[in-house]
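For this one, chain H is given, so just place chain D on it according to the hints.
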Amino acid sequence: MVHNKIKAGLRDGIPIAAGYFSVSFTFGMLAVQDGISPFHAVLISLLNLTSAGQFAGLTVILSGASLLEMALTQLVINIRYALMSVSLSQKLDHSVKSFQRMLIAYGNTDEIFAVASSKPGSVGSRYMYGLILLPVVGWVGGTLAGAVASTLLPAAVISALGVALYGMFIAIVVPVAKESRQVLMVTGTALVLSAAFYYLPVLREISSGFTIIICTIGAAGIGAALFPVKEEKV
Amino acid sequence: MIYAYIFVMAGVTYLIRMLPLTLIQKKITNVYFRSFLYYIPYACLTAMTFPAILYATQSPVSGIAGFVIAVVLALRKKSLILVAGATCAGVFCVERLLEML
Numbered sequence: 001m002v003h004n005k006i007k008a009g010l011r012d013g014i015p016i017a018a019g020y021f022s023v024s025f026t027f028g029m030l031a032v033q034d035g036i037s038p039f040h041a042v043l044i045s046l047l048n049l050t051s052a053g054q055f056a057g058l059t060v061i062l063s064g065a066s067l068l069e070m071a072l073t074q075l076v077i078n079i080r081y082a083l084m085s086v087s088l089s090q091k092l093d094h095s096v097k098s099f100q101r102m103l104i105a106y107g108n109t110d111e112i113f114a115v116a117s118s119k120p121g122s123v124g125s126r127y128m129y130g131l132i133l134l135p136v137v138g139w140v141g142g143t144l145a146g147a148v149a150s151t152l153l154p155a156a157v158i159s160a161l162g163v164a165l166y167g168m169f170i171a172i173v174v175p176v177a178k179e180s181r182q183v184l185m186v187t188g189t190a191l192v193l194s195a196a197f198y199y200l201p202v203l204r205e206i207s208s209g210f211t212i213i214i215c216t217i218g219a220a221g222i223g224a225a226l227f228p229v230k231e232e233k234v
Numbered sequence: 235m236i237y238a239y240i241f242v243m244a245g246v247t248y249l250i251r252m253l254p255l256t257l258i259q260k261k262i263t264n265v266y267f268r269s270f271l272y273y274i275p276y277a278c279l280t281a282m283t284f285p286a287i288l289y290a291t292q293s294p295v296s297g298i299a300g301f302v303i304a305v306v307l308a309l310r311k312k313s314l315i316l317v318a319g320a321t322c323a324g325v326f327c328v329e330r331l332l333e334m335l
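Same order as they appear, the protein sequences are chains H and D.
Under the working numbering, think of the first position of the first sequence as 1, with each following residue one higher.
Under the working numbering, think of the first position of the second sequence as 235, with each following residue one higher.
Worth flagging that the hints you see were computed from the coordinates, not collected in a lab.
Backbone N, C-alpha and C define an ideal beta-carbon position, used for all residues, glycine too.
Please note that a few of the clues may not be correct.
[Stated by the list, open to error] Okay, derived cross-link-like pairs now, DSS-like style, lysine-lysine, Cα gap no bigger than 27 Å in a straight line:
(1) Lys312(D) - Lys119(H)
(2) Lys91(H) - Lys230(H)
(3) Lys311(D) - Lys230(H)
[As the list claims (entries may be wrong)] Covered stretches of chain D, going by a simulated chain H footprint (3 or more residues, C-beta under 8 Å):
(4) 273 to 287
(5) 300 to 310
Just chain H, with the same shape it has in the complex (with noise of 0.2 Å):
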């Protein structure tokens, strides 16, 4: 059974464009209270399309950081994309061409890979451009009104505002790692190397964007030569 249809794409994407909305808008927001331009922050949002990556992204650009730790960053934070990637390759159906393949692509985020792949039997480009459209328009959208808003409010708001990603990590993380001893010891790992970097003498002096890739690969790799998960979980 072959899913191809733009409509039911469609559908299926409102409920992702409204929650990209509300992120993306604290994402323009940050962006603008952290010096860039709406115009740039939007420019990311509509190239990106990550929160994660565009969010450690814009520590990079304000740390006056180097390209190659740009790079760096966004190939570490972004690698897990990679595997939803080949994850979806075998979703696609066979007659989306190697083209259409690179226009998907650009769409795969967590939510959108997750929908794709919770339809039974396989999916066709137009399902998939359609699913694509709205969380696109929600997320360019949520970061320009973020954008404008953020110059208008007083500083305390902000102030408040500027742990509304981090409340959201905590969301995501912390709900797995009740679950999950194993994810549990990955997020212990990463928080005491992550505090290492942060207050130890010499380790304090690397830049945070390496930080954050070092305790990533450190606390994941140890994660995996621990506790190899077993197949269906990945």
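Below, chain D without anything else, positioned relative to chain H:
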């Protein structure tokens, strides 16, 4: 310079998504590599959040308050939006309290 950052960022992110989707057709079978990829988001999000959240606000006190609120609500499996919103509200209230002291 901002454009160089943006295009490097976008280029790397796109290639990560595009290359496997177009080139790799066979399934990755190495259990350790699959596990490594599975753990990456959790390790990465944690490293980005802590201890940065403690210093993202006007005072570490409100940062700690936000951190605790987020963890408690996340343990109760509240939605992303609710956790993020409550964290912001908590930070805002604590900062108003600190101003009064």
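Comparing the hints with the structure gives:
1. Among the hinted pairs, Lys312(D) with Lys119(H) is consistent with the structure: their alpha-carbon atoms are about 26 Å apart, no more than 27 Å.
2. Taking the CA atoms of Lys91(H) and Lys230(H), the gap is near 20 Å; set against the 27 Å cutoff, the hint holds.
3. Proximity of Lys311(D) to Lys230(H) is assessed by CA-CA distance (about 24 Å); at most 27 Å being required, the pair is judged to hold.
4. With a cut-off of 8 Å between beta carbons, the stretch 273 to 287 of chain D has 15 residues touching chain H; three or more are needed, and the interface restraint holds.
5. Closer than 8 Å: that is the beta-carbon criterion, and the stretch 300 to 310 of chain D has 8 residues meeting it against chain H, so the requirement of 3 holds.
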